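Asker: Each chain is listed here by its residues.
2 protein chains.
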Amino acid sequence: MSVEKRTPIPVSEAIHRVVQQDITMPTRQVKLADSTGYILAEDIVATYEIPRFDKSPYDGYALRAQDTEGASGDNRLEFKVIDHIGAGSVSSKVVGEREAVRIMTGAKVPEGADAIVMLEQTVESEDSFTIRKPFQVGDNIARKGEETQIGDVVLERGQRINPGAIAVLATYGYSEVPVYEKPSVGVIATGSELLNVEDELEEGKIRNSNGPMIASLSQQLGLEVETYQIQQDDLESSIEAVKRAMQQHDIIITTGGVSVGDFDYLPEIYKAIDAEVLFNKIAMRPGSVTTVAVANDQYLFGLSGNPSACFTGFQLYVKPAVNKMMGAQAYYPQVIQATLMEDFGKPNPFTRFIRAEATLDGQQMTVTPAGFNKSGAVVSIAHSNAMIVLPKGTRGFKKGYTVNVILTESHAYEEDLNL
Amino acid sequence: MSVEKRTPIPVSEAIHRVVQQDITMPTRQVKLADSTGYILAEDIVATYEIPRFDKSPYDGYALRAQDTEGASGDNRLEFKVIDHIGAGSVSSKVVGEREAVRIMTGAKVPEGADAIVMLEQTVESEDSFTIRKPFQVGDNIARKGEETQIGDVVLERGQRINPGAIAVLATYGYSEVPVYEKPSVGVIATGSELLNVEDELEEGKIRNSNGPMIASLSQQLGLEVETYQIQQDDLESSIEAVKRAMQQHDIIITTGGVSVGDFDYLPEIYKAIDAEVLFNKIAMRPGSVTTVAVANDQYLFGLSGNPSACFTGFQLYVKPAVNKMMGAQAYYPQVIQATLMEDFGKPNPFTRFIRAEATLDGQQMTVTPAGFNKSGAVVSIAHSNAMIVLPKGTRGFKKGYTVNVILTESHAYEEDLNL
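Chains A and E supply the protein sequences, listed in that same order. The first sequence: position 346 = 346 (UniProt numbering), numbered continuously. The second sequence: position 382 = 382 (UniProt numbering), numbered continuously.
Hints were generated in silico from the structure; no laboratory data involved. Treat the numbers as computed from the prediction; the structure is a model and nothing was measured. Mixed in with the good hints there might be a few duds.
Pairs involving identical chains hold if they fit within one copy or between any two copies, as the list cannot separate such chains.
Simulated pairs of lysine to aspartate or glutamate, EDC-like, Cα-Cα distance not exceeding 20 Å [as the list claims (entries may be wrong)]:
no. : residue 1 : residue 2
1   : Lys-144   : Glu-203
2   : Lys-31    : Glu-224
3   : Lys-80    : Asp-127
4   : Lys-31    : Glu-200
5   : Lys-133   : Asp-114
6   : Lys-243   : Asp-297
7   : Lys-144   : Glu-200
8   : Lys-144   : Glu-202
Work the whole structure out from these sequences, hints included.
Answerer: Here it is, written out as C-alpha cells:
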C-alpha cells in the first residue's frame, strides 16, 4: 500500500457532510419511565386545558367576591362555612351569599364562588371566619386553560425529553411515548501497540485508553456500546470484524490505525464494505486524519489513535451525527465565547482545538488551556470541560482575548455556594 | 391537627443545612466500563510515566540529530534505513551514523536515535531517504514522562468520572474503579387529587406528573428510582409505606401533601419515624413549604405538590445532597450571570426562582422567563433550561439587567453551526 494523497476540508464542511446524510433511526414507543433522554417522534398536542378546571392554588376559602365589598379592619365581614373539600374532591354545594367552602390547594373551585381567600387572610371560628379586606372576581384562582388551551402543541417533535417534558407527558396520559430509537455503537480500537486494561505492561506497548473513552462518551449520550477486538495485522479478519460489528450496531467507531502510514488498513476495509468516504482529512489539529464513511445507512467513524484527537473527533463529528440520527431538532455543538486566561502563542495553520477548563461562575465566562495539551495527552482530557477553538491562519492569542469555546462536560457544580 | 407555625429560613441557609449532614455512601469497586458518572473514592496516583517511553508522535524516521547537520535543499543528506517498526514493536537495532529506523506513530524511539523526521519531510527511495534540513536533539519526540511523572496525582478523590478520567484509569490498568455508591431514590407522590398516568380523568382530579418528573430528574443524575403509592387519608398505612421505602432506599422524596393545611400528614410521619426536621419553611417562591428531614442517616425530602415548586426544590436541595452523598468535591449548583431579556416587574418578598431559557451561544449570556410561569405551571418546565434567581426584597427587574441564573439542563445543542 502506498501513502494516500488526502485533501483536507474545513471543519464546518466536514460537520455538514456528516449531518447531511439522511440517516434517521426508526421510531417506537417506550415506557414513560424509560423515555428521559430520547427525542420525541411526534408533536404532543393538548387534549384538554391546563388547568383542567378553575382551581385554588392555596389552602383557603372559596366565596363570592361581591360579598366581600366594604370589608376592612374596622368592618370585618363574616362568612359561614358550608363545606370542606380536599384536593381531588368536588363540593356538591353551591356557594351563596356570605357563604364559603373551605378548599385545599389544587381543589376545584365550587359552583357559585369566584374568588379564593387565603387561610392567612382570615380569622377562623368554629363554622365561620372573618376577613378584613375586599376581594376581586378571580382573585387567587388558577383559571381553567390559563396555561394551555386544547390544541396547543405542548411538546414538539425533535425535542429532547427532559424531566419537564416527562411531567407534561404524564399530565396528558402518555404511559408510552413515541420516540426515535437510539443508535447503538460498536467500538473497535486498533493498534498493535495496544494492550487491554487488565494486561500486564510490555515494552513499547500501552494500554488501550481510547476504546474505553469512546464507550464512556457514548454512554454519556445514553447509548448502548459494545467493544470489539480486531487483529490489525490481518486485513481479512479485520474486514470480517467490521462487518460483524455492522450487523449488530448502527454506528461503528474505530480508533487508531488511521494515521497516514504503511500499516493503515482502514481504506481497504472501506473499499471491501463498499463504503462512501465522506472525507478522510480535515484542516484541524489535532485529528486531521479523522475519517467518516457511510455504508448501508450506517456511519463509520475513523477517529485518531491520539487520545486528544480521538476525543475532539467524537465531540465534533460523532455527537452531531448521533443527535441527528435520534431525530433531534438541534444537533450542532453549542459554541460560546469566553475570555482566554493565558497566552497561547502557537501558530494555527489549521483550526486548532485545545482541551480547556471553562469557568462560568462569574460575570464573565473565562477559559484556560487544561495543562499539558499535546494531541497525545490523556490526563488533560480528564481535567477539561471545554475545547477552545482557534481559527486557522491565526497565531498569538493573548490573555484577555475573546475566543470560541465548545463545552464538552454537562455536569457543572461548584465547591462554594454563590447564592 | 392544627395549622403549624413555621419560620422561614433563607435559601442558602437551607442548602447549607442539607449538605452539612454527614451522610456519605459506602465505597465499592465498579467495573471500568460501568464507572462513568460515579465519583472517585480514592486519588489515582501515576505508577509510571506518561509517555512510558520516548515515542514518536508521527510516522517517520528515527535518526541521530548530529547526522543532519548541514542538510539543505542544495545539500540533501541521505540516510540508510536499517529497520522498520510498527507501533508496539521495539527495534533491536541501534541507530548509527547516517542510519535511520522507519517508525510508526506511537512506537518507541530506538536506541541511538534522538530525533524523528516526519515522513513528509523526506524523499524516500528503496532502502534510504534524503532530507533537506537539519534537526535538533529531541525534535518530534514525545519524551518519557513529559505529561506525567511517577507519583503524580492524575485523578483526585471526589472527582466525577468523565470520559477523560476513564482514559486515564484505563491507561493505569484499573479494570475496577474505587467509587462511592450512588444513593437509590424512593419517590412517593401523595395527594387525593392524583390519578396515575394510565388512569381515565375524573372530575376535580389531575394525573400525577410530579412523581414521574422526580424519577426523571433522579435518572438524569444516574440514580436508580422506585415509585410508591400511598393512601394519604390513612396515616397508619402512610407511615408504613414510608418505613418500607426507607428500608429499600437511601433517599425518600415525597411530593404533595406538604402544604400548610388540614390534611397534611407529613409532620406526623416525621414524628413517627423519629426524623430530625432540618427545616419546613424557606423564604423562597415557589416552594416555600419544602421540608427536609433526616432519619437513620437517610434524607427525606418533602417537595411541594406544585410542579414548578417541586422542580425548583429538587434542583436546590436534592441535587447538592445527592452529589455530597456520592462523595463529590463540588456539590453546589453553578450560578452564572446573564442579561435579562424581558421586564420582570413582580415584587419579590422572598427569593424568587423563575423557570427560564438561557442562551449561551453569543458574546453575552442572556436569559428569558419561560412562558407561563406560575408555580403550578408544567409546560414551561419542559421548555426551560435554567432558573433565574431574583433576590428577596427587590422588584422591577428590567430588560438589560444582569441576573443570577442556575442552569438546570445539561444538554445544549444548536440548530445552526456557529463555527
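Asker: Please go over all the hints and tell whether each is borne out by the structure.
Answerer: Right, here's what the structure says about each hint:
1. Lys-144 x Glu-203: between (74 Å within a copy, 13 Å between copies)
2. Lys-31 x Glu-224: both (18 Å within a copy, 16 Å between copies)
3. Lys-80 x Asp-127: Close inside one copy (6 Å), not across copies (107 Å); limit 20 Å.
4. Lys-31 x Glu-200: Between copies, since 18 Å is at most 20 Å while 44 Å is not.
5. Lys-133 x Asp-114: within (16 Å within a copy, 91 Å between copies)
6. Lys-243 x Asp-297: Classified as within; 13 Å inside a copy, 52 Å across copies.
7. Lys-144 x Glu-200: Close across copies (19 Å), not inside one copy (68 Å); limit 20 Å.
8. Lys-144 x Glu-202: Classified as between; 15 Å across copies, 72 Å inside a copy.
Hint violations for this structure: none, all hints satisfied.
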